[in-house]
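Undergrad: All chains should be built: construct the whole structure from the sequences, respecting the hints.
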Amino acid sequence: MLELKDIQVYYDGIHAIKGVSLTVPQGALITLVGSNGAGKSTLLRTICGLKRPSSGELRFKERNLLDMSVTRIVQMGISMVPEGRQIFPDLTVMENLRLGAFTRTDQDEIARDQERVFSLFPRLKERASQKGGTLSGGEQQMLAIARGLMARPSLLLMDEPSLGLAPILVEEVFRVIWEIHREGVTLLLIEQNAQAALAIADYGYVMESGSIVLQGKGEDLLHDEAVRRAYLGQDIGA
Amino acid sequence: MTLEIFLQNAANGITLGSLYALLAIGYTMVYGILRLINFAHGEIFMISTYFAFYGTAIFALPWQVAFVVAIVLTALLGVVIERAAYRPLRDAPRISALISAIGVSFLMANLGLVIFGGRPKTFYRPPIFQVPIELGGVRVVALFFVIPLLTAILLVALNYIVYKTKTGLAMRAAQWDFDTTRLMGVDVDRAISITFAIGSALAAVGGIMWGLRFAEINPNMGLFPGLKCFIAAVFGGIGNISGAVLGGFILGFGEIMLVAFLPGLAGYRDAFAFVVLILILLVRPTGLLGDKQRVKV
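Line order of the protein sequences matches chains A and B.
Once you know that position 213 of the first sequence is 213 in this note's numbering, the rest is easy, because the numbers rise by one and skip nothing.
To convert, count from 1 in the second sequence and add 238; that's this note's numbering.
Among these hints, one or two may not hold up.
No farther apart than 25 angstroms at their CA atoms in a straight line, the calculated lysine-lysine pairs in the BS3-like style are these [claimed, not checked]:
hint, chain 1, residue 1, chain 2, residue 2
1, A, Lys5, A, Lys18
2, A, Lys51, A, Lys61
3, A, Lys61, A, Lys217
4, A, Lys131, B, Lys404
5, A, Lys61, A, Lys18
6, A, Lys125, B, Lys402
7, A, Lys217, A, Lys5
8, A, Lys5, A, Lys61
9, A, Lys217, A, Lys18
10, B, Lys402, A, Lys131
11, A, Lys125, B, Lys404
12, A, Lys18, A, Lys51
Derived by calculation from the structure, the hints in this document are not laboratory data.
TA: What follows is the structure in structure tokens.
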């Protein structure tokens, strides 16, 4: 569904992405793990058109994304839950959700999706008319995910959705990710919580200073010694 | 001071306050979305009066048509200025766009001198606005009712656009963060253009009513109203539309009342706004209705 071939990106003069190739098949849950500054976020921003690669190929549903505007890419069915949540603090929960569905015109279906995200996150329904900035960190993350779903994406990109959340909320976020996956949405998930991400992913990529250094089935990576040492904080002997 | 004279002054104050409010909204809307003080806004206001003047005087259009054409042209002018002078500097340090704004302001005032001539022009005033109306012992011309009424209607319309439409939602989202707003599928450049169009159109309405009220226009007329309305926007809390309206009314009303009650200070009427600016910056730098400064992340 999504295909990256030898993508090169420069960011403020730094060679941030050095020839990344990656495939996200329809319906799959793919994860991209790696340490801070490996270029994971830059890669996601490149997929949705906020960053432009200097070379390489980027295709979604057989269409070339490189000459499409961000708006067009969103209309194609790619939606992102950005790093650090980035909800609109001065807008109400409802308005945040309406922005998620901004490119859509099918009012009835939008209303249906709204009910769907409210059933997924009942807390948001209670706080529908509250400003986004007054929500707790966990609720803001729920809102960011709900907003991403309001676009009714065929591919959802998630950038560190569990970052900075209490363990119980991390669990909740992964439960929701699994739920979304089960409903048939294709997911590309970036996580610093490699353990949890690899455990639910069909396939994983490990990124290091701008390149993919390892890839494989989620489970296999989870048991790979190099991955365990580098990202799961576990010594082989332990 | 008799009651009649006070009411007369009150009508004056409300009228001037309305004009200031219309002009102040443009400053605050542009600041809200671009974090830029559009110093060219006063000149946009000035040029709108010339659009209307040429429409009636040279092209001999009926005044209704001339005024509407002037408003549309002014809105386009605002959009063009943003495209030409601010958009190329979108990613540059903020001071660059500010300098560019000051440059555009000087450019337009001086182009005005060259093209329109320095001598003031007499603005066409349709007789319908000069019909005297007597209310509670006060005789004022119809214009004194038209200006506040039209301002009120425009404020309601603006409120509707900003808070009830998708376009308004996009504009308010863009105030927070461009990239996140783009990720929603919003065309941020378009939202910014619409902001300039609305702000400039309101300045044009203010400009035309200014012409109707004071009868004379000249290429330097944008300077003081521009500065005062910038102050009104800061006074009300820059970025906040209600604040700009409130600031505009307080400044306009205060200026008239200062002259009315303290005629000895009449020569300082232009200084009034600046004293207000200094006071608000000392006491409450975020303005009357301004939030605590929120830093974009």
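Undergrad: Against this structure, judge whether each hint is valid.
TA: Now the hints, each set against the structure:
1. For the hint pairing A:Lys5 with A:Lys18, the CA-to-CA distance comes to about 11 angstroms; that is within 25 angstroms, so the pair holds.
2. Of the supplied pair hints, the one linking A:Lys51 and A:Lys61 holds, its CA atoms being roughly 20 angstroms apart against a limit of 25 angstroms.
3. Straight-line distance between C-alpha atoms of A:Lys61 and A:Lys217 comes to about 23 angstroms, which keeps the hinted pair within the 25 angstroms bound.
4. Simply put, A:Lys131 and B:Lys404 have alpha-carbon atoms about 18 angstroms apart, close enough for the 25 angstroms limit, and the pair holds.
5. With a C-alpha separation of about 24 angstroms, the suggested pair A:Lys61 and A:Lys18 falls inside the 25 angstroms cut-off, and the hint holds.
6. Taking the CA atoms of A:Lys125 and B:Lys402, the gap is near 20 angstroms; set against the 25 angstroms cutoff, the hint holds.
7. With a C-alpha separation of about 20 angstroms, the suggested pair A:Lys217 and A:Lys5 falls inside the 25 angstroms cut-off, and the hint holds.
8. Of the supplied pair hints, the one linking A:Lys5 and A:Lys61 holds, its CA atoms being roughly 14 angstroms apart against a limit of 25 angstroms.
9. Taken as a hint, the A:Lys217 and A:Lys18 pair is honoured in the structure, with Cα atoms around 23 angstroms apart against an allowance of 25 angstroms.
10. For the hint pairing B:Lys402 with A:Lys131, the CA-to-CA distance comes to about 16 angstroms; that is within 25 angstroms, so the pair holds.
11. Our distance criterion of 25 angstroms between C-alpha atoms is met by A:Lys125 and B:Lys404, whose separation comes to about 21 angstroms.
12. Restraint check: the Cα-Cα separation between A:Lys18 and A:Lys51 comes to about 14 angstroms, which is no more than 25 angstroms; the hinted pair holds.
Of the numbered hints given earlier, the model fails none.
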